[in-house]
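Protein chains in written order, with this note's numbering: chain W, 24 to 432; chain C, 24 to 432; chain Z, 24 to 432; chain B, 24 to 432.
Just so you know, the hints here were simulated from the structure itself, not pulled from any lab data.
There's no promise every hint is true.
Because identical chains cannot be distinguished in the list, a pair is counted as satisfied if it fits within a single copy or across any two copies.
Simulated pairs of lysine-lysine, DSS-like, Cα-Cα distance not exceeding 25 Å [stated by the list, open to error]:
1. 345 <-> 399
2. 28 <-> 289
3. 345 <-> 405
4. 28 <-> 98
5. 364 <-> 428
6. 421 <-> 399
7. 224 <-> 421
8. 367 <-> 224
9. 345 <-> 98
10. 290 <-> 171
11. 28 <-> 224
12. 362 <-> 428
13. 151 <-> 98
14. 321 <-> 399
15. 290 <-> 362
16. 371 <-> 290
17. 321 <-> 428
18. 353 <-> 339
19. 339 <-> 169
20. 405 <-> 330
21. 353 <-> 247
22. 28 <-> 247
Source: prediction; values computed, not measured.
Protein chains: 4
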Amino acid sequence: MIKKKIINDPIYGFVTVPDGIIYQLIEHPYFQRLRRIQQLGISYLVYPGAIHTRFQHALGAMHLMQNAIETLRSKGIEITDQESESVKIAILLHDVGHGPFSHILEHSIVDGVSHEDLSELLMESLNKHFKGKLTQAIQIFRNQYKKKFLHQLVSSQLDVDRLDYLTRDTFFTGVSEGVIGYDRIIKMLTVANGNLVVEAKGIYSIEKFIIARRLMYWQVYLHKTVLAGMELLVNILRRAKELAGQGVELFCTPAFHEFLYNHHTKKDFAKDGRLLETFAQLDDYDVLSSIKVWVNHKDPILSTLSKWLINRQLYKIVINNKPFPASQLKTLQEEAIDKYKIAKKDVKYFVCSDEVTNDAYSIQDVRINILFPNGKIMDFAKASDNLNATALNTVTRKYFVCYPKSITN
Amino acid sequence: MIKKKIINDPIYGFVTVPDGIIYQLIEHPYFQRLRRIQQLGISYLVYPGAIHTRFQHALGAMHLMQNAIETLRSKGIEITDQESESVKIAILLHDVGHGPFSHILEHSIVDGVSHEDLSELLMESLNKHFKGKLTQAIQIFRNQYKKKFLHQLVSSQLDVDRLDYLTRDTFFTGVSEGVIGYDRIIKMLTVANGNLVVEAKGIYSIEKFIIARRLMYWQVYLHKTVLAGMELLVNILRRAKELAGQGVELFCTPAFHEFLYNHHTKKDFAKDGRLLETFAQLDDYDVLSSIKVWVNHKDPILSTLSKWLINRQLYKIVINNKPFPASQLKTLQEEAIDKYKIAKKDVKYFVCSDEVTNDAYSIQDVRINILFPNGKIMDFAKASDNLNATALNTVTRKYFVCYPKSITN
Amino acid sequence: MIKKKIINDPIYGFVTVPDGIIYQLIEHPYFQRLRRIQQLGISYLVYPGAIHTRFQHALGAMHLMQNAIETLRSKGIEITDQESESVKIAILLHDVGHGPFSHILEHSIVDGVSHEDLSELLMESLNKHFKGKLTQAIQIFRNQYKKKFLHQLVSSQLDVDRLDYLTRDTFFTGVSEGVIGYDRIIKMLTVANGNLVVEAKGIYSIEKFIIARRLMYWQVYLHKTVLAGMELLVNILRRAKELAGQGVELFCTPAFHEFLYNHHTKKDFAKDGRLLETFAQLDDYDVLSSIKVWVNHKDPILSTLSKWLINRQLYKIVINNKPFPASQLKTLQEEAIDKYKIAKKDVKYFVCSDEVTNDAYSIQDVRINILFPNGKIMDFAKASDNLNATALNTVTRKYFVCYPKSITN
Amino acid sequence: MIKKKIINDPIYGFVTVPDGIIYQLIEHPYFQRLRRIQQLGISYLVYPGAIHTRFQHALGAMHLMQNAIETLRSKGIEITDQESESVKIAILLHDVGHGPFSHILEHSIVDGVSHEDLSELLMESLNKHFKGKLTQAIQIFRNQYKKKFLHQLVSSQLDVDRLDYLTRDTFFTGVSEGVIGYDRIIKMLTVANGNLVVEAKGIYSIEKFIIARRLMYWQVYLHKTVLAGMELLVNILRRAKELAGQGVELFCTPAFHEFLYNHHTKKDFAKDGRLLETFAQLDDYDVLSSIKVWVNHKDPILSTLSKWLINRQLYKIVINNKPFPASQLKTLQEEAIDKYKIAKKDVKYFVCSDEVTNDAYSIQDVRINILFPNGKIMDFAKASDNLNATALNTVTRKYFVCYPKSITN
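Just need the whole structure built from these sequences, with the hints factored in.
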């Protein structure tokens, strides 16, 4: 009897896990760690349901990959069993290098080392452990494999990663407008000239997908309250790292200690296997349990910011289409210095400004290509009669400033 | 105890029907007739699930109206109990004048009399029957009532009619990409300067709504196979009417007979109350049961077309962005004449061409207005940073030609 | 390229139709007719959404059969490609012999000939047409094929027919409590000793399925208002047939005429191929369009009953756990005779009583068998620790009486 | 303008939070803490999606309470605005005293003090803080308020607590069979003789609710792998507490330290306000982040068990309908002692057995009462014609034994 593990998923019903290497990878501590890292960081401060994990996302993306493989094979595209396994491994592990609160951490604790770098390092480590069984998966992940469409399924502007995360983030936030027709899109995929393309009758589903993604950016990923929360968290971690640099004692787990009290470059990871192992122990629990304790730390800046985060007393945030004039920022900074009795150099922890951008569809990236019945292939931006090139090319940029709620504006 | 009738709805769970005039209107034969008229005509030839009726849609739209009223009242907008009842009546009856296969019939059987005309006539008839209780509802329907926003809830580019039909058509076709955030949009509605407006934070939901509507046009309402089916049905009815004009006997119900064998203008309806009564007996069952019998009619054109419809052997259809050259049409016509041994004047029943248009958002119509926190009101086409004016203004136009499957192209 | 047709289904997303004989069967007029027969007869009088058709159900059941085949194969059960096709044909056509308003018609128009008989006759006719390609499917349908589990997938207490119709009826009525875990149940299916069995860990899903089915009986199929509607429809058709027997002229389609004005036995169908062909033209549209015309028939009984149905002025119905005393019935009958000025022999059309039963799980039928990890197989009624044998064996019986609303009780 | 906060909920769409005391309670750190406590403890080890929090559940239950109030009021039951607010506060805070991994903690860390006790203590503390505004809510919570049905809405066999948690747990686990008709049940609620009752036509929904709850117990709450995980977690915490008692140093947060290194009784909480405050800082993050560090603790028992939990190498578990014979347990224990080189007294950390029970409907508790149209009220267990008293009264009891996977059985 062929054994298959079945996992309940609230979105797809059941996800089937094949026996063998894929099952073993899921059982591995590196992958189990993803159970303890939320997909959307602190978006749950706005959307209480958005607490799904990278573990669920990785399984879901693998499920969609399985569907995509079936569709392509049914259209006569050759995908060997070995390639099928490899491309599923590649998608399963594509986010394995994410740390807690991912991008936030990249900007504060492990800066200079991206999660893609770490994913690759962890995949290589697993490849050693599993005696080369991931070699082809790593080639696909790095776009070094001959069948380019396999890499495009893992990473492109229309990969199963996006199909799953949009579907999943929509489901758990309850923002129903983000719904995309992931199953229709997958059924419309095919391969032409070795590249992944979409059959022309799927073009409206692609439009819908582009718009839905853009909507999710403004409504969820870059929601103003989420931005305020992220800024607060970044500032907490930066302050903690600053204090650590001064030798101040901070409550934290040993794994977190390693990254708070030291600066590690990509090279360090490559050199020292134990460092990667330590990183693989870090998750949301290390960070949040520490911040909870820092609420009572003797440093007033750290304790104030930590308290705000834990009790959800976030910054006030103002968003604008233009940069904020320096004078306005200065006023806010002066008020904050006065109110919180802080040094001028520390006002950055209380008043901060930044910008965010949102490009629905990037013309820099590999395009989404549409295949017409007559065999012609056209860039989606040209093929769409609604979302014209001009509209799609425009990158929307917004500017924001955060400051304490107690300050009048 | 206040009695309320509760009706199960697969989309909203339950629809509550208030006692009194609204309940009585629903029980009236004019409204019960809507149970026998499908919302999407013959779209079920492509989407087997799309067999929902105008009865369900009218109840659903009334349900959303109830939600909209609650939202507006919670924001301090005054809506009296009388107005609340009237606006609910207006939406309940907004489609009561639809005949079977609606627009198709308008183009073949009762041409010259629109379903809006008939809705008004039926409302007036009901108003007599219910002794003036619909007077205010009719004022709202005709946009003659002082509170303009009430009419806009019934009929505008963002009315509850559209919110329900998009949601419902998506649900029953299974085209999940058409999903809109109807509840979010309703929660974002408010009134400014007496007009219905949308709070600025709802802007992405509106974008999504516009795109979803456009997608539903191409994917469902104007799906190529649906177009082919509609052309076939129009041709059947035109042929039947032509034969009736020649005194040929056709199996049909008495009510259908009235409209097949006579030509009635809007004036005739106004003059003769019994004509309206006869119209109110007409539904999908009259038309389809007759066509089923016509399959065996001695007129070869009528029987051929009828057989094609009943057994779903639709025309082949080709769609293009440009009009088809006359020469191409001529070739097809000649082949049809040859193949079916028909007179030249009858080739229109076998080969036909037409155009369809799709405007996501009309700048001719009353605009969707966005209310910003600073009190400024802006047309959606200007407020959106994604769907820019140019893209929105463009009306997409497509051309198609239909011809029998047996003809080679 | 392997071609597959994809059909949107609001429940399963997409149903894939394989090319070849299955596609051709779906295109055949016998099967297309199912588009015009509603699955739940007149239940839509209570649940406006319940207007889904036997066409959708048959496709849905075929989809679940495909899933069941994949599950069984993945557990090492041998199913050849030929068997897979045949069992899909068998489920696709299992209901092809249903007439309009199915069971109602069996009790009025074509009494003595069951829809199962007609399904078999139609399958045989199709088998001739398709030159023997349905032979194995018919063997499976008749339980004459060696692999008994294939028949059990088509017809047993846990067949894909029930899995689809419960899921579908729940979906379209909006009675969410009827939801069953069809996908989980299918994943738990396996074969032991040649029979279909359920793995022990699926036992709670089976309990749920049994209870859900029972709930749907009371809440939908035997809902009191549905019963009242069915009685009314049966009485209309019986009256029409009585009048037809007396040579009274009745508006009806030719196909409907054949069955109203003649009595046909099973033998007649076997003898006369054209009779089967005529039956295959009959659907909901023939019946309802005729009843609409009968509203104005000169027979007061026929016209009264028809008017009640079309305008949804159903009988009042009272349900009881015990039979109604004769005296009570007599009183109602006398009131009806008096009120409607009818002959004593015709009172049956106005006052009628009957009984309905509901057995959640039948111990007479082939049981649902549970397979335990130790290899033991046990009847579900014994294996369940909740729904004990006594509770399951009990057939619930209810008695009802119907009479006109205008009569006081 | 009346301000209301709207929160997205993946299940109900939107939850509306009224301004005033309810909004302030949600903002309070006691309530925000519930964001960091998962509703289903470690069930996510089986159902990866089951990571929803007590925060979401409390908001959802408040939402259903709002619906229940509207239904009851529409049936003429008097509920004052003050009572409406109070009963919403009571349900909002009914679980505020839950600690991390709730019942597990009650059996290991704070034994002797139930979460109900702690909820009451926290409510009283909040009542002081908010100057008596919770007095009526506390009366309702304690069933000391004159209108008994208000307490029954908060806590009975058919309270909104159960309606929300069954719906929510079903949604997030993806176990679709657990779906209940919460909206139908709520619409069927009314009050008779001062008590909450269900209208007779809702009886099948109640049956379904009882069966669904029972199914969720076996399939989720007492799923064998979940039981194995809970036993493992209990043993880890017991071992940690044992070590703490011996003065061994353990990494933990200050709040966790308080409860690991001390034994506190209910009296202690009453006496010392700071203790309650410390408890209110404890959540899942304290516990899991500590266990992650204990993986490397020098005590081999603590580190082994911790490693098993973090990497999901749970005990093997065997379930039986009868207690396991002592001899079998002894064999397992001896194998464990031998394999892990542990003292005899410590074998309980490796081999443990216990029992679980599941009563669908308790006849000890306050019954669910059914109101018949004739005014008669009957206990559900008698009114149901399917789930007879015998079946319902039976408490199902199962026995299980857990032991390391490496031990052969």
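Hint check:
Within a single copy, residue 345 and residue 399 get their C-alpha atoms only as close as 42 Å, which misses the 25 Å cut-off; across copies the closest is 18 Å, which meets it. In this homomeric assembly, residue 28 and residue 289 never come within 25 Å of each other (Cα to Cα): the closest approach is 37 Å inside a single copy and 45 Å across copies. Taking the shortest alpha-carbon separations for residue 345 and residue 405, only the inter-copy value of 17 Å comes in at or below 25 Å, while the best intra-copy value is 30 Å. Within a single copy, residue 28 and residue 98 get their C-alpha atoms only as close as 28 Å, which misses the 25 Å cut-off; across copies the closest is 12 Å, which meets it.
For a Cα distance limit of 25 Å, the shortest separation of residue 364 from residue 428 inside one copy, 16 Å, qualifies, whereas the shortest one across copies, 59 Å, does not. Within a single copy, residue 421 and residue 399 get their C-alpha atoms only as close as 38 Å, which misses the 25 Å cut-off; across copies the closest is 19 Å, which meets it. When the C-alpha separation of residue 224 and residue 421 is checked against a cutoff of 25 Å, the pair qualifies only between copies, where the shortest distance is 15 Å, while the shortest distance within a copy is 35 Å. Proximity of residue 367 and residue 224 under a CA criterion of 25 Å is satisfied in neither setting, with 59 Å inside one chain copy and 35 Å between copies.
For a Cα distance limit of 25 Å, the shortest separation of residue 345 from residue 98 qualifies neither inside one copy, at 49 Å, nor across copies, at 31 Å. Within a single copy, residue 290 and residue 171 get their C-alpha atoms no closer than 29 Å, and across copies no closer than 65 Å, so neither meets the 25 Å cut-off. Taking the shortest alpha-carbon separations for residue 28 and residue 224, only the inter-copy value of 14 Å comes in at or below 25 Å, while the best intra-copy value is 35 Å. With identical chains, the CA atoms of residue 362 and residue 428 are at most 25 Å apart within one copy only, with a shortest distance of 12 Å there and 59 Å across copies.
Taking the closest pair of Cα atoms, residue 151 and residue 98 never come within 25 Å of each other, the shortest separation being 36 Å inside a single copy and 33 Å across copies. In the homo-oligomer, the alpha carbons of residue 321 and residue 399 never lie at most 25 Å apart, since the shortest distance is 67 Å inside one protomer and 47 Å across protomers. With identical chains, the CA atoms of residue 290 and residue 362 are never at most 25 Å apart, being 43 Å at best within one copy and 42 Å at best between copies. In this assembly of identical chains, residue 371 and residue 290 lie within 25 Å of each other by CA distance neither inside one copy nor across copies; the values are 30 Å within and 47 Å between.
For the identical chains of this complex, residue 321 and residue 428 are intra-copy neighbours only, at 22 Å inside a copy versus 47 Å across copies, given an alpha-carbon limit of 25 Å. Proximity of residue 353 to residue 339 under the C-alpha cut-off of 25 Å is restricted to the intra-copy arrangement: shortest distance 16 Å within a copy versus 63 Å between copies. Proximity of residue 339 to residue 169 under the C-alpha cut-off of 25 Å is found in neither arrangement, the shortest distances being 51 Å within a copy and 41 Å between copies. Proximity of residue 405 to residue 330 under the C-alpha cut-off of 25 Å is found in neither arrangement, the shortest distances being 50 Å within a copy and 41 Å between copies.
Taking the closest pair of Cα atoms, residue 353 and residue 247 come within 25 Å of each other only inside a single copy of the chain (21 Å); across copies the shortest separation is 61 Å, beyond that limit. In this assembly of identical chains, residue 28 and residue 247 lie within 25 Å of each other by CA distance solely across copies; the values are 16 Å between and 41 Å within a copy.
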